[in-house]
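Residue numbers (this note's numbering), protein chains in the order written: chain E, 1 to 337; chain F, 1 to 337.
Hint data in this document are derived by calculation from the structure and do not stem from the laboratory. Predicted model only: the values in this text are computed from it and were never measured. Among the hints, erroneous ones may be present.
If chains are identical, the list can't say which one is meant, so a pair holds when it fits in one copy or spans any two.
[Stated by the list, open to error] Keeping only pairs whose Cα atoms sit at most 25 Å apart, straight-line, the calculated SDA-like set for lysine to any residue is:
#1 267 to 64
#2 267 to 296
#3 166 to 104
#4 141 to 29
#5 166 to 279
#6 232 to 331
#7 267 to 115
#8 141 to 54
Number of protein chains: 2
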Amino acid sequence: MRNRQILYVHRPEERLSVDDFELVEGAVGQPGPGQVLCRTILLSVDPANRAWMQGRTYRDQLAEGDVMAGFTLSEVVADNGTNIPVGSVVACAAGWQEYAVLHAREVSVVPVLGPLTHHVSALGITGLAAYFGLLRVGGVKGGETVLVSAAAGATGSVAGQIARLKGCRVVGIAGSDRKCRLLLDELGFDAAVDHRSAGFADDLRRACPDGVDVYFDNVGGATLDLALRLLKQHGRVVCCGAVSQYDTGDPASVEGVRGVPGLVVTKRLRLEGFIVSDFAGDWPVAVRDLAGWVASGDITVLEEVVEGLETAPQALVGLLAGDNIGKRMVRVGPDPV
Amino acid sequence: MRNRQILYVHRPEERLSVDDFELVEGAVGQPGPGQVLCRTILLSVDPANRAWMQGRTYRDQLAEGDVMAGFTLSEVVADNGTNIPVGSVVACAAGWQEYAVLHAREVSVVPVLGPLTHHVSALGITGLAAYFGLLRVGGVKGGETVLVSAAAGATGSVAGQIARLKGCRVVGIAGSDRKCRLLLDELGFDAAVDHRSAGFADDLRRACPDGVDVYFDNVGGATLDLALRLLKQHGRVVCCGAVSQYDTGDPASVEGVRGVPGLVVTKRLRLEGFIVSDFAGDWPVAVRDLAGWVASGDITVLEEVVEGLETAPQALVGLLAGDNIGKRMVRVGPDPV
């Protein structure tokens, strides 16, 4: 049995390119004691994939020659003395390959609710990031103004919709007129601003005439700087990602955020970072909430599924350029029968 | 009766100079209904005085021609239908002048504990900033490593000593070898690093071999950037001030902080700003705690009292260059009899 894999073979000097990857065929491993063999169903494509190339984050830096890392939804097809039934659907980080051997503790069984793709999107890592970021880190309350960047992206689109559900006024920032229309017409945002427009700063100011209580930040950089200026006293920034800064060969050259700490002091702001695994104990509750909102139609799920492991490099390169709408994922294999 | 006043007459193009001020003689006002006439005893000299020239902060921007603003300890010498007894010592913002008419709500009566100078230093705004910043915003716990910048300054020296009292390992950053020695020999810091030394970054890393839990930031800029790199996962930054960025004619040119939001996300940091008036309801408790620590010798009070209102401009210019040790204040008039 063959195991198609995509290796990360070249550290990009500047922006990531498909040539930084290589498709190879490896062996399918055998699970040792306490291990399972997983078959990849869906591979999540995330901006963080690029950040992992730049240095140590919450995981080790990727090394050239590694199987490219990535979050997956997989099926357990063999086990060796674990209590995970063969046939289980699990969330794990199996990487860009068709098969992976993982320790039982590295996979978590997914109680399937609806289509599997939802467990990569609204009920997956990005949906959970929106949920915990907005509700726990941001602590949003009804009536507040919530600003969301990368608002047509996987996390932003869910964060904005949860904020709307909670009775907030929601302003989205996205990278095209088409995305802005989608936010307004399909996701119920109160305002949407195109960050590629020449009048972006003024447009954003006009969209937030009374200031911003919570900024859900997926991008960092100049947009964060602008948002700091719009935040009210005691405003909060949910630091979820910094996608504007990932796709560079020289992270140290990234321009800094000028409003820190000046505006943080004078306006008594709070900036707080998080990753979803900090809230792992509460995932079941969050998934139940999210699934309920999806079922009731309160949350519209935006997904893009591209076909075949070999499309993953282009899917990631394009994602970093902002060509996705909603959650992008790669179908590596069929759903379990 | 004359009222010597110092006006802010010129917005500095670059660094503040004594020529940006002018000493004049004005009239002593008469308190209207609900007002008091205050005689200035001690004038607090604070880095924030410079920030007020740059734009709106938590107060309106200073305008050229204004009496220079400043926090004072004053004596009520006349009142008009208030319930504040003549002879009371009050904390207020009477500015750089010998007399000021203020509304009763603009002054707060100080229950005097020990020398009046302490009510400007350890028991004044800067001591309170150290107290609330470290304990409420930072939430320090025994055993943590606390890093303090401008550690020989008015706020930093108290913050570091409170951290030591709470059982933390305390590392101070200061601007001379003499200041560093003071931190080690007289204030009980565990380590001290000179930010003007060529090997500053390496020295700081060596002084914090296990990383930093809480960074009490008085300076912003490159030191904050460095501290972000040393913070542990879930580390906190208490954003108290940004003195490195105040003394410029062009605040927009200040270099940004590069670790935001990248390191904030990956290490799940929290940065939070505050000003002491946010905790006004709890000042009496804080003053009691601080006075107790001063009386027991647990906190050594560092003060510099310069004589005469006319010395205030040079006192502030020098403070911004870092030539002070501890709390700098100007004696404008004698203590009440």
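Could you work out which of the previously given hints the structure breaks and list their numbers from low to high?
2, 3, 4, 6, 7 and 8
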